[in-house]
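> Chain by chain, the residues:
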Amino acid sequence: MRTLLNALYRASGAAAALGMIATLVMVMTGVVSRPLGIYLRGTDDYAGYCMAACGFLALAYTFKHGEHIRVSLVIERLGPKMRRAAEWMSLAAGTLVSGALAWYSIQLVWQSHQFGDVSPGVDATPLWIPQIGMAAGCLVFFIALLDDLVTTSLGRAPHRFAHANDEPAHME
Amino acid sequence: MDLTIAALLIGLMLLFLAGGLWIGLALIAVGVMGMLGFTPRSPGDGMAVTIWGSGSAWTLTALPLFLWMGEILFRTKLSEDMFKGLAPWLERLPGRLLHTNIIGCTLFAAVSGSSAATCATIGKIALPELTRRGYPESMALGTLAGAGTLGLLIPPSIIMIVYGVSADVSIAKLFIGGVLPGILLAALFMGWVVIWSLLNPEKIPPADIRTNLAGKLRASRHLIPVVLLIAGVLGSIYTGVATATEAAGIGVVGSLIISAAQRTLNRSNFIAALMGATRLYCMIALILAGSAFLTLAMGYIGLPRHLAAWIGTLGLSPGMLLVVLGIFYVVLGCFLDGISMVVLTMAVLLPTIQAAGIDPLWFGIFIVVVVEMAQITPPVGFNLFVLQGLTGRQITTIARYAMPYFMLMALAVVLLYAFPGLITWLPGKMIG
Amino acid sequence: QTAWDMPTPYPTSNFHTENIQQFVADIDKASGGKLKITVHANGSLFKANEIKRAVQGGQAQIGEIIISGMANEDPIYALDNVPFLATSYADAKKLWVASKSAVEAKLAKNGIKLLYSVPWPPQGLYSKTEVSSMDALKRLKIRSYSPTVARMIELMGAQPVTVQAADLTQALSTGVVSANVTSGATGYDTKSWEQLKYFYDVQAWLPKNIVIVSQKAFDALDPATQKAVTTAAAAAEARGWKISEEKTAWYLDELKKNGMTIAPASAELKAGLVKVGEKMAAEWAESAGPEGKKVLEAYKK
Ligand code: NA
Ligand code: NA
Numbered sequence: 650m651r652t653l654l655n656a657l658y659r660a661s662g663a664a665a666a667l668g669m670i671a672t673l674v675m676v677m678t679g680v681v682s683r684p685l686g687i688y689l690r691g692t693d694d695y696a697g698y699c700m701a702a703c704g705f706l707a708l709a710y711t712f713k714h715g716e717h718i719r720v721s722l723v724i725e726r727l728g729p730k731m732r733r734a735a736e737w738m739s740l741a742a743g744t745l746v747s748g749a750l751a752w753y754s755i756q757l758v759w760q761s762h763q764f765g766d767v768s769p770g771v772d773a774t775p776l777w778i779p780q781i782g783m784a785a786g787c788l789v790f791f792i793a794l795l796d797d798l799v800t801t802s803l804g805r806a807p808h809r810f811a812h813a814n815d816e817p818a819h820m821e
Numbered sequence: 003m004d005l006t007i008a009a010l011l012i013g014l015m016l017l018f019l020a021g022g023l024w025i026g027l028a029l030i031a032v033g034v035m036g037m038l039g040f041t042p043r044s045p046g047d048g049m050a051v052t053i054w055g056s057g058s059a060w061t062l063t064a065l066p067l068f069l070w071m072g073e074i075l076f077r078t079k080l081s082e083d084m085f086k087g088l089a090p091w092l093e094r095l096p097g098r099l100l101h102t103n104i105i106g107c108t109l110f111a112a113v114s115g116s117s118a119a120t121c122a123t124i125g126k127i128a129l130p131e132l133t134r135r136g137y138p139e140s141m142a143l144g145t146l147a148g149a150g151t152l153g154l155l156i157p158p159s160i161i162m163i164v165y166g167v168s169a170d171v172s173i174a175k176l177f178i179g180g181v182l183p184g185i186l187l188a189a190l191f192m193g194w195v196v197i198w199s200l201l202n203p204e205k206i207p208p209a210d211i212r213t214n215l216a217g218k219l220r221a222s223r224h225l226i227p228v229v230l231l232i233a234g235v236l237g238s239i240y241t242g243v244a245t246a247t248e249a250a251g252i253g254v255v256g257s258l259i260i261s262a263a264q265r266t267l268n269r270s271n272f273i274a275a276l277m278g279a280t281r282l283y284c285m286i287a288l289i290l291a292g293s294a295f296l297t298l299a300m301g302y303i304g305l306p307r308h309l310a311a312w313i314g315t316l317g318l319s320p321g322m323l324l325v326v327l328g329i330f331y332v333v334l335g336c337f338l339d340g341i342s343m344v345v346l347t348m349a350v351l352l353p354t355i356q357a358a359g360i361d362p363l364w365f366g367i368f369i370v371v372v373v374e375m376a377q378i379t380p381p382v383g384f385n386l387f388v389l390q391g392l393t394g395r396q397i398t399t400i401a402r403y404a405m406p407y408f409m410l411m412a413l414a415v416v417l418l419y420a421f422p423g424l425i426t427w428l429p430g431k432m433i434g
Numbered sequence: 005q006t007a008w009d010m011p012t013p014y015p016t017s018n019f020h021t022e023n024i025q026q027f028v029a030d031i032d033k034a035s036g037g038k039l040k041i042t043v044h045a046n047g048s049l050f051k052a053n054e055i056k057r058a059v060q061g062g063q064a065q066i067g068e069i070i071i072s073g074m075a076n077e078d079p080i081y082a083l084d085n086v087p088f089l090a091t092s093y094a095d096a097k098k099l100w101v102a103s104k105s106a107v108e109a110k111l112a113k114n115g116i117k118l119l120y121s122v123p124w125p126p127q128g129l130y131s132k133t134e135v136s137s138m139d140a141l142k143r144l145k146i147r148s149y150s151p152t153v154a155r156m157i158e159l160m161g162a163q164p165v166t167v168q169a170a171d172l173t174q175a176l177s178t179g180v181v182s183a184n185v186t187s188g189a190t191g192y193d194t195k196s197w198e199q200l201k202y203f204y205d206v207q208a209w210l211p212k213n214i215v216i217v218s219q220k221a222f223d224a225l226d227p228a229t230q231k232a233v234t235t236a237a238a239a240a241e242a243r244g245w246k247i248s249e250e251k252t253a254w255y256l257d258e259l260k261k262n263g264m265t266i267a268p269a270s271a272e273l274k275a276g277l278v279k280v281g282e283k284m285a286a287e288w289a290e291s292a293g294p295e296g297k298k299v300l301e302a303y304k305k
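Going line by line, the protein sequences match chains A, B and C.
Heads up, the first sequence is in our numbering, so the first residue is 650 and it goes up one at a time.
Heads up, the second sequence is in our numbering, so the first residue is 3 and it goes up one at a time.
Heads up, the third sequence is in our numbering, so the first residue is 5 and it goes up one at a time.
A couple of the hints might just be wrong.
What the hints assert, rightly or not - For each label pair, taking beta carbons as the anchor points, the in silico distance ranges come out as:
| no. | chain 1 | residue 1 | chain 2 | residue 2 | range |
| --- | --- | --- | --- | --- | --- |
| 1 | C | GLU287 | A | LEU685 | 38 to 48 Å |
| 2 | C | SER137 | A | ILE778 | 41 to 51 Å |
| 3 | C | GLN26 | A | VAL681 | 29 to 39 Å |
| 4 | A | GLY686 | C | ALA29 | 46 to 56 Å |
What the hints assert, rightly or not - Covered by chain A, per the in silico footprint, the following chain B stretches (three or more residues, Cβ under 8 Å):
| no. | stretch |
| --- | --- |
| 5 | 56 to 63 |
| 6 | 216 to 222 |
| 7 | 395 to 404 |
It should be emphasised that the hints constitute simulated quantities derived from the structure, not laboratory data.
All C-beta atoms in this analysis are idealised placements derived from N, C-alpha and C, irrespective of residue type, glycine included.
Sequences are here, hints too, so could you generate the full structure?
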């Protein structure tokens with residue numbers, strides 16, 4: 650189960666990274682095509698969709714690296730018992746909020762499809778297609794929070810991806 | 003009634019944040035509670051539409067790309083080189099290499115339209131080097147938090163575009179009007195670093211070996227890559243090769259070229275930079291999503307609108323009005339991001355501003371500086387978030403480090419009030 | 005008492021928004037305060053692109069949108085954007101009367117009721133350089149923002165360049181684009197004289213904004229309040245068309261005062277552009293099928 654879940658988070662992170670590369674490719678295609686007199690339709694809008702895919706699909710992966718920030722100052726000063734309770738509460742609240750986000754993102758895709766919502770720009774993209782990235786990313790994020798909530802409820806420490814050695818970004 | 007709602011929502015937000023809820027999720031939670039409690043609208047569908055809209059907006063693409071650029075450069079010798087080149091020139095200036103943060107942010111602000119990208123990019127490059135050389139953390143992080151906000155004041159600037167459209171002010175004039183105030187702020191920050199360093203000489207690490215002019219010039223060759231990169235990105239904007247948004251893409255490509263030229267571009271470095279940028283962007287994106295939804299909720303509840311309207315009814319003198327508005331925006335800035343603040347309040351405030359005889363161009367720069375202050379006030383301050391993401395320090399700690407720069411910006415507002423020409427002189431020189 | 009939220013895309017000083025404020029005040033008065041509408045101007049609640057969806061999905065009860073913003077959804081909405089088809093206020097009105105029921109039917113399928121329309125002043129060509137002939141058009145890089153506009157620019161022989169609104173000022177001053185097709189009103193609002201020198205009053209088309217309401221929200225009102233809404237809407241439509249036409253000359257005067265050269269299109273240019281218009285009308289009729297042909301015939305009668 651753990652292996653499967655971690656593979657899911659990693660796959661989602663890899664897809665997000667591809668979204669980042671695609672954003673760059675779209676932006677640069679727009680820049681390069683202009684002086685050549687070639688008119689490529691909608692590269693700017695596609696760049697926006699790729700960026701959205703990057704941001705949303707990376708949610709769980711970033712969470713599992715412990716890189717979504719929060720204020721831990723207060724709960725760090727609590728006693729071990731109180732602290733566990735506070736951690737559990739914030740995980741529960743986070744699971745709830747991310748669950749709502751996932752639910753409504755999926756509904757967004759469905760409604761966009763039902764409404765026939767189309768981008769008004771030159772790209773004329775049916776919006777439900779790029780919105781799938783948001784729905785999928787939010788869903789995996791919800792799973793990651795639920796995963797931690799269950800693990801914590803069972804009295805174990807939640808699993809975190811270790812940092813690679815070549816990322817000494819932190820000052821401590 | 004409005005005050006009760008405001009107090010309740012602020013209390014809720016502090017509770018969520020103190021409880022350790024992730025910041026973006028806390029913002030969404032407060033928005034949901036606000037809408038459920040004080041409006042007849044259901045929060046769900048609007049949440050998804052707004053978050054999608056803000057997360058897929060073209061103008062935002064510059065942010066992840068600039069973050070990626072920072073991650074690539076962090077893995078090159080660029081920062082080491084930059085410090086080697088700058089150190090001989092700064093050795094006599096009290097505070098020495100701390101000024102690289104301010105100079106770096108000021109230069110980068112001319113490339114990027116956002117404060118978070120400026121803070122993150124320069125932070126990623128400069129922080130490890132400053133730490134390695136033993137500069138005090140409080141000053142290294144404080145100068146970054148403060149000078150990073152210059153991304154908004156020095157053109158190009160997204161918030162000026164938003165203000166210009168809302169208030170019917172020339173965006174070109176706003177851009178030019180921001181130049182002198184931006185330089186003024188940078189000078190104030192550098193002045194503070196000088197004073198602090200004179201008061202605490204033992205905390206500033208010693209200079210490398212003293213060099214003569216020839217040595218300084220020879221050392222400056224190390225600056226060539228960074229100068230080329232900035233010239234390339236700026237040049238692409240001002241020659242019409244790229245728009246201000248697309249310039250970020252040029253920056254990434256330029257950094258990859260530098261990385262290749264310095265032989266630091268290999269598979270593992272590329273992947274580490276890419277994944278690092280993806281996670282850093284994602285961290286900010288979650289907060290932006292929460293902030294977009296909270297803005298929607300505030301729009302429905304009408305809190306900022308009502309407060310702004312109330313200020314309009316007080317019948318204050320122009321000077322008092324600015325004091326009250328300054329405080330209003332600083333308080334609002336504790337919880338909302340800058341663009342939301344402008345969008346939610348301008349429609350209501352503009353008639354008041356005009357009735358008071360305040361020049362809307364001047365007021366635009368005033369708002370940008372006040373919004374800059376909001377970037378470094380807790381609990382919701384984007385530069386604080388970026389620096390927490392980079393260093394793992396608590397927001398409260400970073401906010402404390404940033405406090406002097408907040409005060410300096412307040413001082414800048416007073417100076418701009420006393421000498422409005424700082425804002426209006428350059429735009430007045432424009433043709434048309 | 006009922007409270008509605010009304011998102012609109014344009015700033016408070018824009019004449020569309022001013023007209024809406026009057027419309028809302030009229031309803032407040034006529035309904036005896038039973039229906040309160042809060043106007044959220046300038047995209048402060050929902051952005052321009054999100055407003056139709058917000059009304060359709062029930063997040064807002066009423067809102068303002070530009071018809072051509074839906075052009076990618078259905079050809080009937082694209083008719084509003086076909087250039088050189090209806091170039092005067094009288095023709096634009098005629099075209100609107102001919103197409104109104106088709107637009108209403110399409111909107112009804114989304115659960116949306118049309119309240120009223122107001123046109124923008126005619127679209128003209130803003131350029132950094134003089135454009136006296138069709139040949140001069142070939143050197144222009146013109147801002148494109150929708151498929152219809154892109155197609156028109158291609159047929160004009162110029163190069164379409166997509167630039168988003170936020171980047172436009174800079175793109176114009178640095179030469180990423182050298183020309184722009186929009187109305188005198190927008191040109192005035194965005195102070196185009198700072199980057200552009202020439203305005204050619206080619207009167208390509210008159211885009212229309214419409215105010216729409218959720219059918220469900222409308223049906224929930226009592227008959228007297230419904231009447232108050234439709235009466236105020238009719239008044240707003242009459243007022244809006246009048247203001248728009250009156251302001252057209254004023255906007256051009258302001259452009260001139262600020263140093264722009266205002267010129268009509270030369271005979272050669274006009275003839276070339278009319279050809280572009282004919283081609284696009286034919287293409288539009290093709291895409292819109294028999295239903296579209298009927299609308300066009302009704303207009304040309
Ligand atoms: Na900037
Ligand atoms: Na703040």
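> Are there three or more residues in the stretch 216 to 222 of chain B whose C-beta lies closer than 8 Å to some C-beta of chain A?
violated (count 0)
> Is 46 to 56 Å respected by the C-beta to C-beta distance linking GLY686(A) and ALA29(C)?
holds, 51 Å
> Residue count check for the stretch 395 to 404 of chain B against chain A: does it reach three with CB-CB under 8 Å?
With 4 residues in contact (Cβ-Cβ under 8 Å with chain A), the coverage given for the stretch 395 to 404 of chain B holds.
> Counting residues of the stretch 56 to 63 of chain B with a beta carbon closer than 8 Å to any beta carbon of chain A, are there 3 or more?
holds (count 6)
> Please check whether GLU287(C) and LEU685(A) have a Cβ separation lying inside 38 to 48 Å.
26 Å Cβ-Cβ, so the 38 to 48 Å window is violated.
> If you check the beta carbons of SER137(C) and ILE778(A), does the distance land in 41 to 51 Å?
holds, 43 Å
> Quick check: does the Cβ-Cβ distance between GLN26(C) and VAL681(A) fall within 29 to 39 Å?
violated, 49 Å
Of the numbered hints stated above, those contradicted by the structure are hints 1, 3, 6, listed in ascending order.
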